[in-house]
Amino acid sequence: MATFNKFNSFVEAMAEKVHNLGSDTLKVMLTNTAPVAANTQKSDLTDISAGNGYTGGGTQAVTSSSAQASGTYKLVLADVVFTASGGTIGPFRYAVLYNDTATNKELIGWWDYASSITLQNGETFTWDADPSTGVLQNV
Amino acid sequence: MSDTIKDAYDKLVTEKEELLKSIEPLEKIKADKLSAYQVAEKEYKDICTQIKEKTQPRLYDVSVEIAALARMLPNHVKPPVT
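Chains as they are written, first to last, in our numbering: chain A, 1 to 139; chain B, 1001 to 1082.
For the record, the hints were derived by calculation from the structure and aren't laboratory data.
Please note that the accuracy of each hint is not assured.
[To be verified] Heads up, simulated DMTMM-like pairs for lysine to aspartate or glutamate below, C-alpha to C-alpha not over 25 Å straight-line:
#1 B/K1052 <-> A/D100
#2 B/K1054 <-> A/D100
#3 B/K1045 <-> A/E12
#4 B/K1030 <-> A/D112
#5 B/K1052 <-> A/D44
#6 B/K1042 <-> A/D100
#7 B/K1078 <-> A/D128
#8 B/K1052 <-> A/D112
#9 B/K1052 <-> A/D128
#10 A/K105 <-> A/E12
#11 A/K74 <-> B/D1032
#12 A/K74 <-> B/D1061
#13 B/K1078 <-> A/D24
#14 B/K1045 <-> A/D112
#15 A/K105 <-> B/E1043
#16 B/K1078 <-> A/D112
#17 B/K1033 <-> A/E16
#18 B/K1042 <-> A/D24
#19 A/K74 <-> A/E12
#20 B/K1006 <-> B/E1018
#21 A/K74 <-> B/E1015
#22 B/K1030 <-> A/E12
#23 B/K1078 <-> A/E16
#24 A/K74 <-> B/E1027
#25 A/K17 <-> B/E1027
#26 B/K1028 <-> A/E16
#27 B/K1045 <-> A/D128
#28 B/K1011 <-> B/E1024
#29 B/K1042 <-> A/D128
#30 A/K17 <-> B/E1015
#31 A/K17 <-> B/D1046
#32 B/K1052 <-> B/E1041
#33 B/K1033 <-> A/D112
#34 A/K17 <-> B/D1061
#35 B/K1030 <-> B/E1015
#36 B/K1033 <-> A/D130
#37 A/K105 <-> B/D1046
[What the hints assert, rightly or not] Residues on chain B that point at chain A, a partial pick, calculated with CB under 10 Å:
#38 I1005
#39 A1008
#40 Y1009
Glycine included, every Cβ here is placed at the ideal spot set by N, Cα and C.
Sequences are here, hints too, so could you generate the full structure?
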């Protein structure tokens, strides 16, 4: 999986009760516009057009674990599969994780897949979350 | 010198008391809002717990299995190596 990039505002939002990563609904959305670390909320970005299997705003990444061990917090999410059906999805280059429950749908982080991808009808794409290291850790 | 310090001290203490008094009505509203917020937060967490209990861990397992099978599909697109 591509490298995780953190939105700068996420660390403050974590400290100021914007996120409850243990119970909030987190989503992964696809975009072809490069995010920047200064972005703060979903409306700062434009995801790809809805349709052909892609839901506007993306798809929920189901939380498996939100817990700490020996003082290190780890968030583990399930993979998300996007399937093109009835047409193409994309192009997209970035997957963005955000909090759909938070008031302003605050951003968490993004992944850059290096070049734009278009899913043809019937193709699948997996946002691959590491089950052992988790999506993110807070030391 | 000592009197000057005492005067400055008394002046600041008075100012602090006035500042605290000026926010007393707001503190009352704040306490009421906090109480309502805590009730709402508990209800919110209860709902979240219900949702989790109804779906977890099966929803996570299903998502992982779907992803594992998706990778085996002939039309699975792998992102470019970064």
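To see whether the hints hold, each was checked on the structure:
no.	hint	result
1	B/K1052 <-> A/D100	16 Å, holds
2	B/K1054 <-> A/D100	20 Å, holds
3	B/K1045 <-> A/E12	22 Å, holds
4	B/K1030 <-> A/D112	44 Å, violated
5	B/K1052 <-> A/D44	30 Å, violated
6	B/K1042 <-> A/D100	19 Å, holds
7	B/K1078 <-> A/D128	10 Å, holds
8	B/K1052 <-> A/D112	31 Å, violated
9	B/K1052 <-> A/D128	22 Å, holds
10	A/K105 <-> A/E12	15 Å, holds
11	A/K74 <-> B/D1032	35 Å, violated
12	A/K74 <-> B/D1061	18 Å, holds
13	B/K1078 <-> A/D24	29 Å, violated
14	B/K1045 <-> A/D112	34 Å, violated
15	A/K105 <-> B/E1043	21 Å, holds
16	B/K1078 <-> A/D112	13 Å, holds
17	B/K1033 <-> A/E16	18 Å, holds
18	B/K1042 <-> A/D24	14 Å, holds
19	A/K74 <-> A/E12	17 Å, holds
20	B/K1006 <-> B/E1018	18 Å, holds
21	A/K74 <-> B/E1015	47 Å, violated
22	B/K1030 <-> A/E12	23 Å, holds
23	B/K1078 <-> A/E16	37 Å, violated
24	A/K74 <-> B/E1027	37 Å, violated
25	A/K17 <-> B/E1027	21 Å, holds
26	B/K1028 <-> A/E16	23 Å, holds
27	B/K1045 <-> A/D128	29 Å, violated
28	B/K1011 <-> B/E1024	20 Å, holds
29	B/K1042 <-> A/D128	33 Å, violated
30	A/K17 <-> B/E1015	33 Å, violated
31	A/K17 <-> B/D1046	18 Å, holds
32	B/K1052 <-> B/E1041	16 Å, holds
33	B/K1033 <-> A/D112	42 Å, violated
34	A/K17 <-> B/D1061	29 Å, violated
35	B/K1030 <-> B/E1015	22 Å, holds
36	B/K1033 <-> A/D130	41 Å, violated
37	A/K105 <-> B/D1046	21 Å, holds
38	I1005	39 Å, violated
39	A1008	36 Å, violated
40	Y1009	35 Å, violated
Hints 4, 5, 8, 11, 13, 14, 21, 23, 24, 27, 29, 30, 33, 34, 36, 38, 39 and 40 from the earlier list are contradicted by this structure; the remaining hints agree with it.
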